[in-house]
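Residue numbers (the numbering used here), protein chains in the order written: chain A, 35 to 412; chain B, 35 to 412; chain C, 35 to 412; chain D, 35 to 412.
Just so you know, not all the hints are guaranteed correct.
Heads up, the list lumps identical chains together, so a pair's fine if it works in one copy or across two of them.
Stated by the list, open to error - The calculated lysine to aspartate or glutamate pairs, modelled on EDC-like cross-linking and capped at a C-alpha distance of 16 Å, are:
#1 K370 <-> E164
#2 K81 <-> D64
#3 K131 <-> E99
#4 K307 <-> D325
#5 K131 <-> D97
#6 K144 <-> E386
#7 K403 <-> D264
#8 K370 <-> E151
#9 K81 <-> E386
#10 K370 <-> D64
#11 K81 <-> D49
#12 K251 <-> E193
#13 K251 <-> E386
#14 K96 <-> E78
Calculated directly from the structure, the hints in this document are not laboratory data. Note that this is a predicted model, so its numbers are computed, not measured.
There are 4 protein chains.
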Amino acid sequence: MSNKIRWGVLGGGGDSLIGIVHRVAATMFDAYQLVGGSFNPNIEESKAFATQIGISTDRIYKDIEAFITGELALPEAERIQVVSILTPNFLHFPMAKRLLETGFHVICEKPMTMTYEEALILQTIHQKNETIFGLTHTYTGYPMVRQMKEMITNGEIGEIQKVDAQYYQGWINPIIHDKEQRNATWRLMPEKSGISCCMGDIGVHAYQMLEFVTGQKIKSILADLNHLYDDNQMDIDGTVLLRLGEHQKGVLRASQIATGEENNFTVAIYGKKAGLKWEQENPNYLTFLEDGKPIRVLKPGHSYNSSLSLDGTKLPPGHPEGIFDAMGNIYKGVAKAIRGEDFHPAEFPGMEDGIRGMQFIEKAVESHKEGNVWISLL
Amino acid sequence: MSNKIRWGVLGGGGDSLIGIVHRVAATMFDAYQLVGGSFNPNIEESKAFATQIGISTDRIYKDIEAFITGELALPEAERIQVVSILTPNFLHFPMAKRLLETGFHVICEKPMTMTYEEALILQTIHQKNETIFGLTHTYTGYPMVRQMKEMITNGEIGEIQKVDAQYYQGWINPIIHDKEQRNATWRLMPEKSGISCCMGDIGVHAYQMLEFVTGQKIKSILADLNHLYDDNQMDIDGTVLLRLGEHQKGVLRASQIATGEENNFTVAIYGKKAGLKWEQENPNYLTFLEDGKPIRVLKPGHSYNSSLSLDGTKLPPGHPEGIFDAMGNIYKGVAKAIRGEDFHPAEFPGMEDGIRGMQFIEKAVESHKEGNVWISLL
Amino acid sequence: MSNKIRWGVLGGGGDSLIGIVHRVAATMFDAYQLVGGSFNPNIEESKAFATQIGISTDRIYKDIEAFITGELALPEAERIQVVSILTPNFLHFPMAKRLLETGFHVICEKPMTMTYEEALILQTIHQKNETIFGLTHTYTGYPMVRQMKEMITNGEIGEIQKVDAQYYQGWINPIIHDKEQRNATWRLMPEKSGISCCMGDIGVHAYQMLEFVTGQKIKSILADLNHLYDDNQMDIDGTVLLRLGEHQKGVLRASQIATGEENNFTVAIYGKKAGLKWEQENPNYLTFLEDGKPIRVLKPGHSYNSSLSLDGTKLPPGHPEGIFDAMGNIYKGVAKAIRGEDFHPAEFPGMEDGIRGMQFIEKAVESHKEGNVWISLL
Amino acid sequence: MSNKIRWGVLGGGGDSLIGIVHRVAATMFDAYQLVGGSFNPNIEESKAFATQIGISTDRIYKDIEAFITGELALPEAERIQVVSILTPNFLHFPMAKRLLETGFHVICEKPMTMTYEEALILQTIHQKNETIFGLTHTYTGYPMVRQMKEMITNGEIGEIQKVDAQYYQGWINPIIHDKEQRNATWRLMPEKSGISCCMGDIGVHAYQMLEFVTGQKIKSILADLNHLYDDNQMDIDGTVLLRLGEHQKGVLRASQIATGEENNFTVAIYGKKAGLKWEQENPNYLTFLEDGKPIRVLKPGHSYNSSLSLDGTKLPPGHPEGIFDAMGNIYKGVAKAIRGEDFHPAEFPGMEDGIRGMQFIEKAVESHKEGNVWISLL
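One chain only, chain A, in its complex shape (with noise of 0.2 Å):
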């Protein structure tokens, strides 16, 4: 039997993109084996969806409860031990609270919650067993981020002065100005998303960015959030001044109606010594400014980077982590040749690629050696 931890899921299935997202990323580092879940509220759609993903359907449950009876029932050695959950926000709470009260592990798409009542009660029960509970923040995960931190913990900016983060997308503005559309849009909807939409969608990201990286609490908030239409009043954008300490001061910008912005996550620490500053949508990329020296951008993989950085680092430096994903591509477009789909020769480099490479490398020697001299390809 395999040493992994046995894993499940519950949501999750058909095209689902945080699906993918969970999968591969439980993949990496060898460490889960996916054994059951219930992935859709249709149970013949979930059992299909676990043989398409190549897991037996033996442990497809149709919901939460027949989930946890079932493997409750198993040894303890063949029970799944963790469970993401990937559903839609409003069933975050009442999965975690079952899964937690029933001794699961629990890994939790954010938002945890609907309100922070029910977050107070999921501590409640969560201080009570020792389960692991994991929050997929994700940004807190990229290399360069933990590094901010560690050199932030490690003194290297000095005493706190300035924080700043910013959260701007333009992704709700198409929408908004359409009556139809805002008002059958689920983020807008308080019912559905809560009692905010771009505070609880991404301002929240930021706020747990600042605590994360600042290893400081944030102590006291001023909002001033907007909307544009009055039939829908949901928040889809703000900004919120706050206070870390008596002298220490910073402000969080968010905003959905950001037009023509895609996820421009950016935040910035500025202590005694230095400050610090990391983009999202650039993320190899650490700037680390001090007074008085030239600019210092540092990169991942590098040893002078934390160990907790280094340990978040799967490639040598100069790779972009999003390297897995143009082999993750190429791996698709020969899925497609071998099970004879339609594909794009561009989809995956073949024969006629190694060919001509073996021959421009010896050509290159051979025109080198005989002088520079031109010399034709075939």
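Guided by the hints, dock chains B, C and D onto chain A, whose structure is given.
Relative to chain A, chains B, C and D alone:
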């Protein structure tokens, strides 16, 4: 039974980085199921590795011949369909040769062979069979490289008049100046890495990329290579002049002694109407330069991209594809916690983050509603 | 007689940086002729400076009253037409007041006055006369800022829904943490720099820029300022929430303790159709973000720019405007050489560079014509 | 009498861009006084231009011979000391020759001559006299280029092992594809621009820059040039292989058909210890790549720069040198207003900006002091 493709792997065991990259890539589109292979020259280590990554040891073979014999003995519906070759370079040719001869599809790491002659032999065998052969020139898998190719194909830059590729690294620099090291590094030994170091390792990527994006063949070359010490004359730097047509010229530059460079691979193609530029270290940006118009920067996932590009994009605009890696790191941290291993509290966000996040959202809305007043956080 | 505008200057003598900037600016379009003024409180130093910069000492005056009396005594066709006020801040108001009262055009450094009340007095005087009053909020002179304004005016981003300005510097940081220094710096003394340090010095630039590019007035503000030590409570950091209309909000952030920042002044305006962004440290780039289209980057000098922008561009595309400065440095080096002063041989290229350049050109053509062969240079 | 250098100019009259650049540059350090010259082949136009730019017509000459005769007739203390040659290329040599022969210092636009032979003649004359000869390879005047040179001189990158320069423009592209235009453009006529177009115009800048920053001579070259149409065979693109030493190689690339490129001039030097990179379009950034350390980015004006670099910096850190230009534009607008010409209200900030600015500052402080409350602006 899963409808995934039955996949085998030769090499890539233990901590092999390329092994991880291929396994993660194979996961991304739920298309492959790893069922067997030979990860290691030592069968016991190979089996231990199989267990570690959660697959059965039944179809772990001691070598390629055992692999072929064993798999051919199985019914076709169970037999491994495609094999990835991740072994040292000198084994690529003999392994690919045997697999193609016996009817397997192959995904082969670059370089395909040690010599051009071997490459031609492989081609002959491949042409006789109806097998799929994929060569992992990974960079062609990037969505914006695919978009670049499609735009050129569609005439958006007009007839090509200049091509330019650079692949600058500095990694050999600390090795080359130490006599002992430079004569003990496999990449600098002809018997292990072939006739060329710099051109064979990275120049060929630049060459393949130029032919890939332009859709044209390079017709002749003039090379000037360089080495720094006469006791090791493998090229570690070089420039190659290129001719694609009578008045279509270009240049390819590659170096492993461009001190301080990480993986600075760039490609620029200039046509009669416009130019296109791409950089591997910032792979989500494609720059389009059209005479007399603002510079345009294309990014993945937008509907203005070609279907070839969109097919290789898994995330909405603005998420660097590396988000998989950030999530992977969080899963890694949770795994350590579950297994009772030491872990840094920053490795994954948890309950406290959820509590504080929900509090933040509610208090932000409250501060706003009460007229932009300060509210303390607990 | 020249048809240039007769120009006088108050202040800006000696090594004053702002003096140099104004004199160079006045040269650029051949429109001004410096004929007199009062550069220094000490008349002898003032005259010596006039001689140094090559103008007659005839119309150098001991103070503003002497200036006004002397100039008014001259025939109108000889009289100074416009006066630049480059003195310390507290003199701006009294000098501008006297000049406007006596019929001179004025170019005044920022801030216009020490208080809002003084500003209103000046306005009253100005409205009575038909004089020109220019205030050097210099950043509005950049071609791409002008282009941004024009695009907004022309409706290219649609109705404005969010404005955002940042002006982050770190220069006060090394001063503020030293008690002696922070209480000896004029910028931190209310009697010399007015009621505010950070908002008065740089926040007001950001404010003026927002109103400049949007063409709208900011209707109300909510400010949160910061100081670090209670023995000097001048603001050195702050965030100001902004309202332009009922649902048009924004935020202005300014800091002089953003450690390591130089002059990081940015402005972003998001409208119903698109967004526009500009950064002062890279002033030749204007980013245009339109929903669902590639990012567009506009640069100075292209015909796609507005006439307002093109009127402020002096160089062809691709030459950063700083080329004037590079050329200025070369002239400086030649001047040292002519005067027999010490100079570094790198201060200006000379004969040897010309020789080698001509040789290079001829040998490059020769190498090419002879079939791409190596040719030695002498 | 001023202690400025008495300066004459040949050429550069009317709207000549190069004329403006030289006049502004000469102003920057208050070292030159323009006293005469010959701006135009037509003496009347030359005098009108003198009046326009505010200098006396007394020492405006009909041609270079009249200039020399006239100036030599004056007492040495009044005589023009240095002459800038801004005429068409073919006049550089005869003018420089006559001026050097007769004892004037010379500042000459690039290219120095039409041929290498002429260059050698000039050198011979120059060596006989004790005159100063400056050649405006302007890019060497940038503070960060000077810093690059100094760091290499000081051994900060160690022995050089690779040099790389690129100068890519696209401006000839729209000309070259039109038969009439390509045969009517002076840059493409050998009789007007010499033996080479691309190498002569921009390749030589890259060449001079490489020798400037490295302090080494390029010993041999191998060139491959390109043209697109056989009816005009002037090179408009080319690559030149370079050798500085036995194992010190490099490459220089220049193009005027790199469609869409503006003035993309870059230089990178890699040594045994580190690399240095600079780009002309972003001239305030110098990138320093040292093995195993964070990337460092140096900017002008900081005390970590060499004195050679600091001597060429006129502004505090963070102000792009182009600030002169922004200020120049504001002066231009004020000049239009004073002269009663049409102007756009956005051409210069004025009274209203001053009023609103003072109001903003006072209200920001008030909002803060009253406990962060909203305050309306008038």
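Item to check | Unmet hints by their number, sorted upward, for this structure | outcome: 8, 9
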